[in-house]
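Enquirer: Whole structure, please, built from the sequences with the hints as guidance.
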Amino acid sequence: MLSWANLLSQTFNGLVVGALLALISSGLTIIYGTLGVLNLAHGAMFMVGGYAGVVAYQYTGSFLVAIVAGAGFVLVLGVLMERLVIRHFYERPAEDQILVTFGLGIVFVETIRFFFGSLSQSMPPPSWAEGVTSLGFMIYPTYRLAVVGIIAVTLLALYLVLYRSRLGMIVRAGIEDSVMVDSLGINVMRVFMVVFGIGSMAAGFAGIVNVPIAPITPDIGEATLVEAFVVVVIGGVGSFPGAVLGGLIAGEILSLTSMINPSYSQVMLFVVMTLVLVLRPRGLLGAEGRS
Amino acid sequence: MNQRPRGPRALLPEASIALVLLVAPFVLPKIGLVPDTMNRILVFGLFGIGFDLLFGYAGMLSFGQAAFFGTGGFIAAYLLTQTGMSSVMLGLAIGTVGAAVAGYFVGLIALRRTGIYFAMITVAIGEVFFFMENGPLSSFTGGENGLPGVPGPTFNLGFATIHATSGWSMYGFLAVSYVVGVVIGRRIVASPVGLIWVAIRENPLRAAAVGHNVHAYKLLAFVIAAAYSGAAGGLLGVMQGYMPPDAFTFETSGQVIMMTVIGGLETLFGPLVGAAVWLYLRDFLQGGLGLGASWKLVLGLVFVLLVSFLRRGILGGIADLYARLARGGATAGEQPAAPDLSLDELSLSTNPAATRAPPLPSRPIPAYTGPILVTKGLTKRYAGLLANSDIDFSVEQGELRGIIGPNGAGKSTFFKMLTCEVHPTSGTITFEGQDITGREVTEVCQTGLTKSYQVNQLFNRLTARQNIMISALAEKRGPFRLDLLRDPAHIPELADLVDHTLDLVELTGRADVPVSNLAYGEKRRLEIGLALATSPSLLLLDEPLAGMSPRERVETVKLLKSISRGRTTIIIDHDMDALFELVERVTVLQEGRILVEGSPDEIKANATVREAYLGGVLV
Chain P
1 MLSWANLLSQ TFNGLVVGAL LALISSGLTI IYGTLGVLNL AHGAMFMVGG YAGVVAYQYT
61 GSFLVAIVAG AGFVLVLGVL MERLVIRHFY ERPAEDQILV TFGLGIVFVE TIRFFFGSLS
121 QSMPPPSWAE GVTSLGFMIY PTYRLAVVGI IAVTLLALYL VLYRSRLGMI VRAGIEDSVM
181 VDSLGINVMR VFMVVFGIGS MAAGFAGIVN VPIAPITPDI GEATLVEAFV VVVIGGVGSF
241 PGAVLGGLIA GEILSLTSMI NPSYSQVMLF VVMTLVLVLR PRGLLGAEGR S
Chain S
1 MNQRPRGPRA LLPEASIALV LLVAPFVLPK IGLVPDTMNR ILVFGLFGIG FDLLFGYAGM
61 LSFGQAAFFG TGGFIAAYLL TQTGMSSVML GLAIGTVGAA VAGYFVGLIA LRRTGIYFAM
121 ITVAIGEVFF FMENGPLSSF TGGENGLPGV PGPTFNLGFA TIHATSGWSM YGFLAVSYVV
181 GVVIGRRIVA SPVGLIWVAI RENPLRAAAV GHNVHAYKLL AFVIAAAYSG AAGGLLGVMQ
241 GYMPPDAFTF ETSGQVIMMT VIGGLETLFG PLVGAAVWLY LRDFLQGGLG LGASWKLVLG
301 LVFVLLVSFL RRGILGGIAD LYARLARGGA TAGEQPAAPD LSLDELSLST NPAATRAPPL
361 PSRPIPAYTG PILVTKGLTK RYAGLLANSD IDFSVEQGEL RGIIGPNGAG KSTFFKMLTC
421 EVHPTSGTIT FEGQDITGRE VTEVCQTGLT KSYQVNQLFN RLTARQNIMI SALAEKRGPF
481 RLDLLRDPAH IPELADLVDH TLDLVELTGR ADVPVSNLAY GEKRRLEIGL ALATSPSLLL
541 LDEPLAGMSP RERVETVKLL KSISRGRTTI IIDHDMDALF ELVERVTVLQ EGRILVEGSP
601 DEIKANATVR EAYLGGVLV
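Sequence lines, in order, name chains P and S. Sequential numbering of the first sequence, starting at 1, is according to our numbering. Sequential numbering of the second sequence, starting at 1, is according to our numbering.
Hints in this document: simulated from the structure, not taken from any laboratory. The structure displayed is predicted, hence computed values, not measured ones. It cannot be assumed that every hint is accurate.
[What the hints assert, rightly or not] Partial chain S-side listing against chain P, Cβ under 7 angstroms, derived:
id: 1; residue: Ser294
id: 2; residue: Gly300
id: 3; residue: Phe303
[As the list claims (entries may be wrong)] Quick look at which bits of chain P chain S covers, simulated, 3 or more residues with Cβ under 8 angstroms:
id: 4; region: 94 to 104
id: 5; region: 110 to 123
id: 6; region: 272 to 282
Ideal Cβ placement from N, Cα and C applies to all residues, glycine included.
Expert: Laid out in structure tokens, this is it:
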């Protein structure tokens, strides 16, 4: 069982899972870092993105349209959610925010189940990414390689928006001191709305990109949410680089452990999380900021 | 909490719930509830009592309670199906203890962080248990199949043998179990521990500062919640004759949260009500309305609406409605507002309670007679900023010392270091001859050194009396005690200490008013009272006069005089007139250093002080 070829391909699988987790978790962590809200509906956003994309694909047959529709739909859903519900919870205790997003997550999951049932839905990879690619030392499914590339580009775009744009500057200033930003004449509420939308979109985008790899069901978001939590705890709550690093680490842990014994892979993930909590409670790249 | 009615009335809620459970089998089936559903309601009602203690009272929102529900359930089911253990009660008891032990170890990890971190960690740990059950431990737990064949209990009453299998016989067994759970839960809530949990929920920093071991009490809440979960999990297996693996799922954790919130937090009965609503609606929507699987959608929406608009749940809503009706709309506010003292009344009250009430006994001083407090070279550096630098400071027993200094002189940092809320970068603090440098604030308070805060740090949703009692409990019980079933009324001298402190800070007449309805000056006095009720031998007061009107200042200065009688006290304040009138010696801080020390007259005459304070204007 333990061979170099196996190890290599599992490492690549870990990279794919890790990239997806990195993207989902950065959405979660951006929202928390900016708004101070832990969104328990984030896993549901991942799932809704997948369904929205699949529906678009069923109508158009275009992978690109599916991606845009999946991400776009969740962007709108996120903005609406912030506008209609989350906004009224900023002044309430963190526990209330957690409870309401938890409830909304259930509403999203059950709404999807209402329309699509519990059976899984899938979508083929685009024609240009079908089949396998030879890397010289091994062959690997082309689409999975493409996913790593697509997500790398998306994370880079997210980074540029957050660290190299005017919006990003406001976001980061808002994390430091939202009252000050507000008094400078910048509409913090609108920034919050946009950030919630972008953070949700990251999950939705990951959701649709993931469909050709693993078919989706309404419940897929739950496990994803839990893994994203672990990633964020490992990387450091509120830290964008932490989410990316944590995601990649988590992906490799899951993948490499399951090569040895699949039933231990999740357990191992939590063992690592516990170690991080004991040795470095604020996470690998976390700053002791707002808490 | 402390005013639980005594005598037969004290057990009224317990008796009522027992009666309701007795009558329920004759009524509820008429609206379509089958015995199995009612049994499930009882199991989740019991599960929820633990969660309510954890979240409703102690304020810790855990998303991982399924871990303990499953642990208790599978331990009991394994013992009863695989090892030949014949006593169902013994199996359930071992399951409960097993869940509590699991809760202890999980708590050690999860309690490393608070708030959202705590929520996320409990989610993750809950999942570990689920995967363990399904994977590595599946040879014990049956993996995805669970454990079938769990027997029901048999009770030999001498004249008859009752075998609880399913339906109504099982209902009887579960109802009795639930009532036992409620009785214990209500005893815990009414005990000192219950009040301290609420204190920790409301203001963990102050709870620690008045001398409670916050971490130990939180861990205790976690373990007790786990024990309740484990007992309920065991009962689930017994009730169904089968222990299902989905007991461990995130969904189970979510259900107990939603049921508790729907029914009403901080009520103990809430989870039973929530479970009844939840499971009745499930049956009704699924069967009655033919909605199939989308019953959860409806319940999800109900939950979101309740969290948004009726945060206290069904029972909380009923209580609010009842309170409103009981008032008959005659008066507006919930509690009488602060009395509007006219000047006449005030001059009457210049016969202050202080002269009536003798000073509180401060604790006996150990056979030590040197200065009560000595600091050597105390320095605190924040990144580039030097807040305190090389402070050598000494206070004699019984002294009343004032500290003044311009804003930013490092006065509050100095106080925080003395109470060990902040640890110095270098230097030592010696209190009553012991080196306390680097100790924790709780420990320091327990040895007799505490302070009142510059910005009020109160337990806002509690009454003035409960606030004082929280401090007094730390004084009378020490940092941690497992008196879960004790009535605070039976703690010797506790009531005296509370009454006496309330009297001293002149809040006796306002003792049962919630903090949020107290006037500012009253809150300020309560803040001092919290420190006083710990019976400190050295009391630090950080700007006790801050924000007060001139009238309130006059009153408070009198109060401070009476408090400091027979007790070593250090006061920081900006009001120099008031301070010079009060204290015997004054230390002046400037830019983190001691500028000068002397009697009020010497300080008044000192040119450097004038310069420091007034920028030389009057020199």
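Enquirer: The structure should be examined with respect to each hint, and the outcome stated for every one.
Expert: Going through the hints against the structure:
Because the smallest distance between the Cβ of Ser294/S and any Cβ of chain P comes to about 5 angstroms, under 7 angstroms, the interface hint for this residue holds. With its C-beta approaching chain P no nearer than about 4 angstroms, Gly300/S sits inside the 7 angstroms limit, and its interface hint holds. The beta carbon of Phe303/S comes within 4 angstroms of a beta carbon in chain P, closer than 7 angstroms, and the hint placing it at the interface holds. For a cut-off of 8 angstroms, the count of residues in the region 94 to 104 of chain P with a CB near a CB of chain S stands at 9, and the three-residue condition holds.
Only residues whose C-beta sits within less than 8 angstroms of a C-beta in chain S count toward coverage, and the region 110 to 123 of chain P has 5 of them, enough to reach three; the restraint holds. Here's how the region 272 to 282 of chain P fares: 5 of its residues keep a CB closer than 8 angstroms to some CB of chain S, so the rule of at least three is met and the hint holds.
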